[in-house]
Every structure is written in structure tokens, then in C-alpha cells.
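Please model the entire structure based on the sequences and the hints provided.
For the protein sequence lines, the chains are A and B, in the order given. Here my numbering is used: the first residue of the first sequence is 1422, the next is one more, and so on. Here my numbering is used: the first residue of the second sequence is 5, the next is one more, and so on.
Hint data in this document are derived by calculation from the structure and do not stem from the laboratory. Among these hints, one or two may not hold up.
Stated by the list, open to error - Computed far set for chain A versus chain B, every beta-carbon distance over 12 Å:
(1) Ile1425
(2) Gln1427
(3) Pro1429
(4) Lys1432
(5) Thr1436
(6) Val1440
(7) His1445
(8) Tyr1454
(9) Arg1489
(10) Thr1492
(11) Asp1494
(12) Thr1498
(13) Leu1499
(14) Thr1522
(15) Ser1525
(16) Arg1528
Stated by the list, open to error - Straight line, CA to CA, 30 Å or less: simulated DSS-like cross-link-like pairs of lysine-lysine:
(17) A:Lys1478 with B:Lys74
(18) B:Lys55 with B:Lys40
(19) A:Lys1432 with B:Lys40
(20) A:Lys1491 with B:Lys103
(21) B:Lys40 with A:Lys1478
(22) B:Lys60 with B:Lys40
(23) B:Lys103 with A:Lys1478
(24) B:Lys103 with A:Lys1474
(25) B:Lys103 with A:Lys1432
Note that this is a predicted model, so its numbers are computed, not measured. Where is the CB? At the ideal position from N, CA and C, for every residue including glycine.
Here's the letter readout for the chains.
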Amino acid sequence: DAGITQSPRHKVTETGTPVTLRCHQTENHRYMYWYRQDPGHGLRLIHYSYGVKDTDKGEVSDGYSVSRSKTEDFLLTLESATSSQTSVYFCAIRAGMGGYTFGSGTRLTVV
Amino acid sequence: GQQVMQIPQYQHVQEGEDFTTYCNSSTTLSNIQWYKQRPGGHPVFLIQLVKSGEVKKQKRLTFQFGEAKKNSSLHITATQTTDVGTYFCAGQGNTNAGKSTFGDGTTLTVKP
Chain A
1422 DAGITQSPRH KVTETGTPVT LRCHQTENHR YMYWYRQDPG HGLRLIHYSY
1472 GVKDTDKGEV SDGYSVSRSK TEDFLLTLES ATSSQTSVYF CAIRAGMGGY
1522 TFGSGTRLTV V
Chain B
5 GQQVMQIPQY QHVQEGEDFT TYCNSSTTLS NIQWYKQRPG GHPVFLIQLV
55 KSGEVKKQKR LTFQFGEAKK NSSLHITATQ TTDVGTYFCA GQGNTNAGKS
105 TFGDGTTLTV KP
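Laid out in C-alpha cells, this is it:
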């Protein structure tokens, strides 16, 4: 959707290496979210942000950290990637209490 | 914590048949949202329901929110091949500070 982009779209990395995924929005929304999607598990919240430097954990935050130094950018970092973190990662923004707008996703493979 | 269950997990229909997916929450919700994800794509917001007993329609799609605000359904009349995809519900509790919990989705396939 217009207004939210994720990079990279695909990444293959080795176990134990750090990985950073980027989410960029042009909508100036306060709320940003990182989800992972795995077969049979739907979308699970990793971390979210409700403002610059304001972040909180979601239901599957272990092994992940986030940073938000600017309104438009929300970074997700895997400090030391593991095979269990192979997944599709979606960033989302939300205007107030309306629906989420998702990015196109990042397909991450940890080998 | 809040749990959102969605059934069925898969549904295979013949084109022209109807389709329904159901969503049930372990707690009372302030609102529920529905999303569609095409194969290989990202979830796309369809609608949000807020009021107890609310019913909303979008062409062949009918969305309902239960009286107790703990369950919801999406019904598609006369499915078409363009309806193929996974449908997710997402429920927001009263104290979740903007976070919604997603169901695991119902994947719909339509045989022409």
C-alpha cells in the first residue's frame, strides 16, 4: 500500500548473524507495528511503537529488538538470527483506532 | 492474555457457493476488524465493527458483530474465484492500547 515500505523484500542470512529489517512510512502515523507470519499461526505481534523512542513488547518479542528514532522509521533487529526466526515479517501502521495498513513484507530465511 | 479463535482453518467451495468464517474471542472486544490476504500478498483491511449486534455489507460480503461483542462472522454470498485468499479477524480488547490480536485465518479456495 502507498505510504509504507519495507526493506529488504527478501533476505537469506546465516545462523548467529545480526539482521535489521526496515519499515518506512510517509503517513506520519504515531503507531507502528512489527508482526511475523508463520503457517498455522496467523499474525503474531513482535513489538510495537506509539511514538518516537516509545516502544513496547508484543507476544513474541524474545530474540528481537526495535528502535524508532524518527516518526517515519521503525527498525526490527534480530540480534543473533536463529532458524526459528525464518518467517515473513510484516510492518503495519495504524491511523488512530482504524484498520492496520500493512507493508508488502520481508521474507527472511535463516540457514 | 486475549485469545482469538477462527474457524474453519480451510474451506474449499465450488464457485457460486456461499462461504462463512467465524471468529470467537476469549474476552469482550471493543472492536473487531477483518482482513483479506491474497496468496503471496499482504493483509488488506476490509472493515471494522464497533457496535454490539452490528451488521455491515460490502457487495457480496456481510460482516456481523455479536451482541456480546465476543464473536464475529464474515459471510460471502455466491463466491467467485476472485474471493480466493485467507481471511483474518483481529480483535481489540478494551485495555489493549491499540493492539489487536489476530485469529489464525481461514483459507478459502474456490473451484471454478
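Against the structure, the hints:
no., hint, verdict
1, Ile1425, "10 Å, violated"
2, Gln1427, "9 Å, violated"
3, Pro1429, "15 Å, holds"
4, Lys1432, "17 Å, holds"
5, Thr1436, "26 Å, holds"
6, Val1440, "20 Å, holds"
7, His1445, "15 Å, holds"
8, Tyr1454, "8 Å, violated"
9, Arg1489, "15 Å, holds"
10, Thr1492, "16 Å, holds"
11, Asp1494, "19 Å, holds"
12, Thr1498, "21 Å, holds"
13, Leu1499, "20 Å, holds"
14, Thr1522, "7 Å, violated"
15, Ser1525, "5 Å, violated"
16, Arg1528, "10 Å, violated"
17, A:Lys1478 with B:Lys74, "25 Å, holds"
18, B:Lys55 with B:Lys40, "21 Å, holds"
19, A:Lys1432 with B:Lys40, "25 Å, holds"
20, A:Lys1491 with B:Lys103, "21 Å, holds"
21, B:Lys40 with A:Lys1478, "26 Å, holds"
22, B:Lys60 with B:Lys40, "16 Å, holds"
23, B:Lys103 with A:Lys1478, "11 Å, holds"
24, B:Lys103 with A:Lys1474, "18 Å, holds"
25, B:Lys103 with A:Lys1432, "28 Å, holds"
Comparing the model with each earlier hint shows violations of hints 1, 2, 8, 14, 15, 16; every other hint is respected.
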